[in-house]
Structures are given as C-alpha cells and as structure tokens.
Amino acid sequence: MSNNSSAVAAPKKVWTAARKKDLFFDTLFIIILTLVSFMCLFPFIHVFSKSISEEAYVIANKVVMLPKGFSLNAYEKIFADKSILRSMWVTIVVTVTFTIIGMFLTVCAAYALSRKELKGRTLMSFLIMCTMYFVAGTIPDYLLMNSLHMLETWWCMILPLCFAPYNLLIMKNNFQGNINDSLVESAVIDGAGHFRILWSIVLPLSKPIMATIALFYAVGRWNAYQDALYYIKQRTDLRPLQLKLYYLIVSATESFQAEGGVIGVLTNPEVLRASCVIFATVPIICIYPFIQKYFVQGTMIGAVKG
Amino acid sequence: MKQQKVVNEAMNTPERRRESRRLYLKKNWQLYALMVLPLIFIFLFKYGAYAGLSIAFKDYKVARGYAGSPWVGFKIFKEMFAHKDFWPSVGNTLFLNVLNLLVTFPMPIILALLLNEVKVKWFKRVSQTLLYLPHFLSWVIIGGLAYQLFSLNNGVINALLTNLGASPIPFIQDDTWWLITYLFISAWQSMGWGTIIYLAAITSVNTELYEAARVDGAGRWKQCVHVTFPCIRSTIVTLLIMNLGKVMQGSFEQIYALMNAKATKYTTVIPVLVYRWGIEGGKFSRATALGLFQSVIGLFLVLVSDFISKKLGEEGLI
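Protein chains in written order, with the numbering used here: chain A, 587 to 892; chain B, 23 to 340.
Watch out, some of these pointers could steer you wrong.
Stated by the list, open to error - Listed below are the simulated PhoX-like cross-link pairs for lysine-lysine, each with C-alpha atoms no more than 25 Å apart in a straight line: (1) A:607 - B:143; (2) A:606 - B:143; (3) B:146 - B:244; (4) B:143 - B:244; (5) B:305 - A:819; (6) B:48 - A:702; (7) A:606 - B:141; (8) A:607 - B:146; (9) A:606 - B:100; (10) B:141 - B:268; (11) A:607 - B:141; (12) B:284 - B:106; (13) B:284 - A:702; (14) B:244 - A:607; (15) B:287 - B:106; (16) A:606 - B:305; (17) B:244 - B:268; (18) B:83 - A:819; (19) A:879 - B:141; (20) B:83 - B:49; (21) A:879 - B:143; (22) A:668 - A:819; (23) B:332 - B:284; (24) B:100 - B:333; (25) B:268 - A:705; (26) B:49 - A:705; (27) B:83 - A:879.
No lab work stands behind these hints, which were simulated from the structure alone.
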C-alpha cells in the first residue's frame, strides 16, 4: 500500500512541510469521498423524510433532509391497498422459486462440467456459453412463451431466466479451483457415485460460492421487471412488485386502490409515491449490509475469467 | 486415465472395449444424468427461442402460426431499413451508449484511486458500503427516486434552486437536460460498484514497487502516477475494450424507467423500438428483424473487442 509514506517519512511527530501537505490531501480526499458517498445516500434520506412528513409541508416543497411533521397516512394507504401487498407476495414467491430452481440447475451443471470424466464437456460448455453472447431477442422469447402457453402465468417469470450461464461459469470455475481433485478421486475409489460426492463432499465445501450465486439469482430476480412487463398484461394479480411500482410511480398510469375507511383521508400523490419507493426499497436496504460481502467476492471471481 | 489408455491399447479387443465402456458408464452415468435438466433448459428456452428468429424472414401472423406464414426473404429487413424510426433508433443507441461510456467509465477509476489513498479503515468501509448501494436497486426504484429529486414542480433540487433565487431547471422535461440527468444517474448507479475490480487490481500491486518509488523520492502523487496507475492500466484497457464491444446493446430496463412523455428525442433506442413494434404494435416480424439486427452487430462487436483484447495480450472476454 502507498499509505505508509507518513509513517516512514515522519517517525517523530514533527510538522514538516511534507507532513502538512500529506494531512491536507488526506483531508481533501476524505471530504471528496464524503460528498460522493452522501450523494449516494441523499435520495433515500430525502424520499424517506418526504414519506413520513405531513402533506402540507411536502406540497409546499419544504422537506429536504429532515421530515417536517409526522404522519404515516401514506403507509396506511399502502397497506390498505391489496394490490400492492399482492404484488409483494408475487415477488416473494417468484424470487424464492426462481432461486431454488436456478441453484439446483447451476449446481448440477457446474459439478458435471467441472469433472474431466465427462466426455463432451467442451461441446456442452460451448453450447451453453454461446447463449450468453448471442441472444434471440425480445420477440422470439415472447413468441416462445406464447407457444409454451406460459404467457400470463407464474412460470414465465421463473423458468426462462432461472438458469444463467454466467452464474454457471462462476460456479464451475470455483469448483475446479477449490475442490481438491484427489478428494473426489478417493471418494470414487471408495465406491461413491457422483450424486453422493456432489451432495456430501462438494456442496459442504462450497458454502460461500453457493451463497454468492444464490444472492445473484435472488437480487437479480427481485429487481427485474422487463420480462413481467412483456409477459404479464391481463393478469394484474400476477404483477410483481417492480412492475406494479412501475405503473404506480414511473408511468403513473395507475392510482392507488385503497379500500375501507382510509378513502376519506386525502393523501398527496407525491407522498404516496415517496412511501412506495421506501416500501419497495426497505427489504433490499435491510439485507444489503449482510449480502454486500458475497456480492463483492462474486464479482471478483467473475472478473478473473468473465 | 493415462494408465487406462495404455492398457486399452495393449489389449484392444472388441470385448475389452465394450467392457471398459461398461465400467466407465457404471462409474460416471450420474455425471450425464446431472447434465440432463440443465441442457433441457438451455435447449428449450434459449435454442427454442432461436427458432423464432426465422420469422424475421417470414410474413408472420399469429393466426397463421410459424409454419403457415410464407417466407419473404429480406423483404421485412428492407421495410425495416426504410422505416422512419429505424435509423434514429440506431443513432440514439450508439449516441447514448458512447456518451454513457465516456461519462461513466472514468468515475470508478478516480474513486478507486481516492479510496486507495484513504488510511482510515472504518471511513473507507462505510463509504464503500454507501457507494455500492445504488447497484442493488432496481431501475424502477431509481426512476422513482429520480422523479422525486428532479421533477420540475415537486423535485427537491428545483425547490432548492428556487430558494436560492434561480429559476427551476426542466431536468427531465427538456431533451438536453434529460440527457444530462440520464448520464448523471447512470454514473451515480454504476460508479461505486465499478471500483471493485480496480481496487482488487490495486491490492495486487507489489508493495516493493512503492518502497522503491519512495526511496527514489516519489511523493504520493508521483507514486500514484508512476506505480499504481501503470499497474492497473491493463485492467482499464481490458474493461474499456469490453465496454466498447457493448455499444450496440442497451439496458431496456434503465431507459424505460427513466424515459417520459416530454423528452423523447433520445429515448427511442433499439430495445424500446422492439418493444413498441412487437409487443405493443403486434408487428412481430419487423420487431424480430430489428432485434436480430442488433444481436448480430452486437455479437460482431463483442468478437472484435475480444480479438483486440487478446492481441494486446490481455485476458479475453470469451
């Protein structure tokens, strides 16, 4: 690291010119980074404050950083809107199913392709990786879903994308690099089949990469809305959260369907949109600190041979 | 394996061969079983979709189906090239992506170099966590945030500007301002995450190089310019070439979440036009042809950039 210069240059606490200059730059860098980091955080603080402020202040554009007044009206309205909760449920079901199926397929293929005994594995890898660089495109995908009668169903959000060649590549490389060959060979000599080896030897040794890939699948699925936008047009009860949000806050073609007593309370659409954004972001923000590590690792593995 | 080969050559009788094949299968059939489902998925959902590309050369109507639609050669492509929206969409795709690359590419490098200079561990960790955050949000959320921040009447930025006595700026309503906002958001979303690869490259720099530089009297700036930067240059070049290979692609989700009805000059990019023609308009053949056009040029650019990258002695993409 280049950061030891001050320790070497100034063993005694003397304010030499070099040391002053060093301190100046340290401060400067920290100020710049603080500003940039703040820029990443500010939108959330602002929107969160907006969402819990009283309407009058929001309408008058008085809310910048701190909330003015306090009101949870907008959140009450969100929780009264059955379609938003339904969308949340759809997203959860789809994300969980998607991740389980995706992980199963990825683990199976990654293990098999990482074994030299598998004849034709170069061809199989090639056939799978090809699909990463040449995509058929939106319409052929759409027509395929149509001919499989999967449009307007749960499956169109789960099956087509749940096996990702890129994740397979990362996992295969990890199996090849981290699993000791002699370990597997000795298991073969002991008479264990490959199912057994995969289940009892390889998987227990690969927990970090499993977590990483599972998170890649889950967060990717949670955030995507493109395929739902294409495939779910009539069945509004199958809209995942991101698509619902798209209609509510980005294109603003839909309004809230509050039910019951809260209809009388007029809530400004600005406040509602703000609280919707927060409602959809909170799950990610809550788990983000715990999953960040895995994402960074996964990205670095991917970058080595990506 | 090698031993087995020697034995096989020594006693290369048909029975022997059959016997060894039986043994091999008995030991390894499970490997093939593991590949069955993944391959079915790939063939069904990826190669199955390739079959649909044929309708770019057919006059496809849903009622007639794939087989019933007549082949028309390159008629659909000729129509597409002549369509008034075609060339603007290609131009917009290239324009937005090239500008995007120019603006967003240097940011992670600068940030990574800055982060590397920070000695306070906890500060570094906290700022990294904040910088990575936008990467985890969906484009819909980012679109919603952008609206809350930049809109003309209710956006906080314009509220602050008005308070300062300036006139509000149509960040998302005016075409040029939309472009600036788009690039800003793009940089905001990707800059933190992009530092990961550079920071990894910086960590792998040999510390002896820094020591040698210090002995020669190099200060921090000189160390950065003459040691750190040359050491991550190959990473920079590789990533730049790879990104250049992607200028024909484009994120539908990003642009679709950030576009609006007011500023439309730059937003009709190829994926948006495919969506409009195909799924909204039902012109499946023409939309497929446009998608195919993009895929083929995209593949070509990726192969070229991979080739260049390997020629330069860097790790290729494929």
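Here's how the hints hold up against the structure:
1. A:607 - B:143: holds, 21 Å
2. A:606 - B:143: Within the cut-off at roughly 21 Å; holds.
3. B:146 - B:244: Holds - the C-alpha atoms of residue 244 of chain B and residue 146 of chain B are around 22 Å apart, at most 25 Å.
4. B:143 - B:244: holds, 23 Å
5. B:305 - A:819: holds, 17 Å
6. B:48 - A:702: holds, 16 Å
7. A:606 - B:141: holds, 15 Å
8. A:607 - B:146: Holds, at roughly 21 Å.
9. A:606 - B:100: violated, 69 Å
10. B:141 - B:268: Violated. Residue 141 of chain B to residue 268 of chain B sits at ~36 Å, over the 25 Å cutoff.
11. A:607 - B:141: holds, 15 Å
12. B:284 - B:106: holds, 20 Å
13. B:284 - A:702: Violated, because 58 Å separates the two Cα atoms, which is more than 25 Å.
14. B:244 - A:607: Holds. Residue 244 of chain B to residue 607 of chain A sits at ~14 Å (cutoff 25 Å).
15. B:287 - B:106: The given pair, whose Cα atoms are some 14 Å apart, holds under the 25 Å limit.
16. A:606 - B:305: Given pair residue 606 of chain A, residue 305 of chain B is violated - Cα atoms ~68 Å apart, limit 25 Å.
17. B:244 - B:268: violated, 34 Å
18. B:83 - A:819: holds, 20 Å
19. A:879 - B:141: holds, 20 Å
20. B:83 - B:49: violated, 51 Å
21. A:879 - B:143: Distance ~16 Å between residue 879 of chain A and residue 143 of chain B Cα, so the pair holds.
22. A:668 - A:819: Cα-Cα ~19 Å, so holds.
23. B:332 - B:284: violated, 44 Å
24. B:100 - B:333: violated, 37 Å
25. B:268 - A:705: With Cα atoms ~34 Å apart, residue 268 of chain B and residue 705 of chain A exceed 25 Å; violated.
26. B:49 - A:705: This hinted pair holds, its Cα atoms lying about 13 Å apart.
27. B:83 - A:879: violated, 50 Å
This entry does not satisfy hints 9, 10, 13, 16, 17, 20, 23, 24, 25, 27, going by the numbered hints stated previously.
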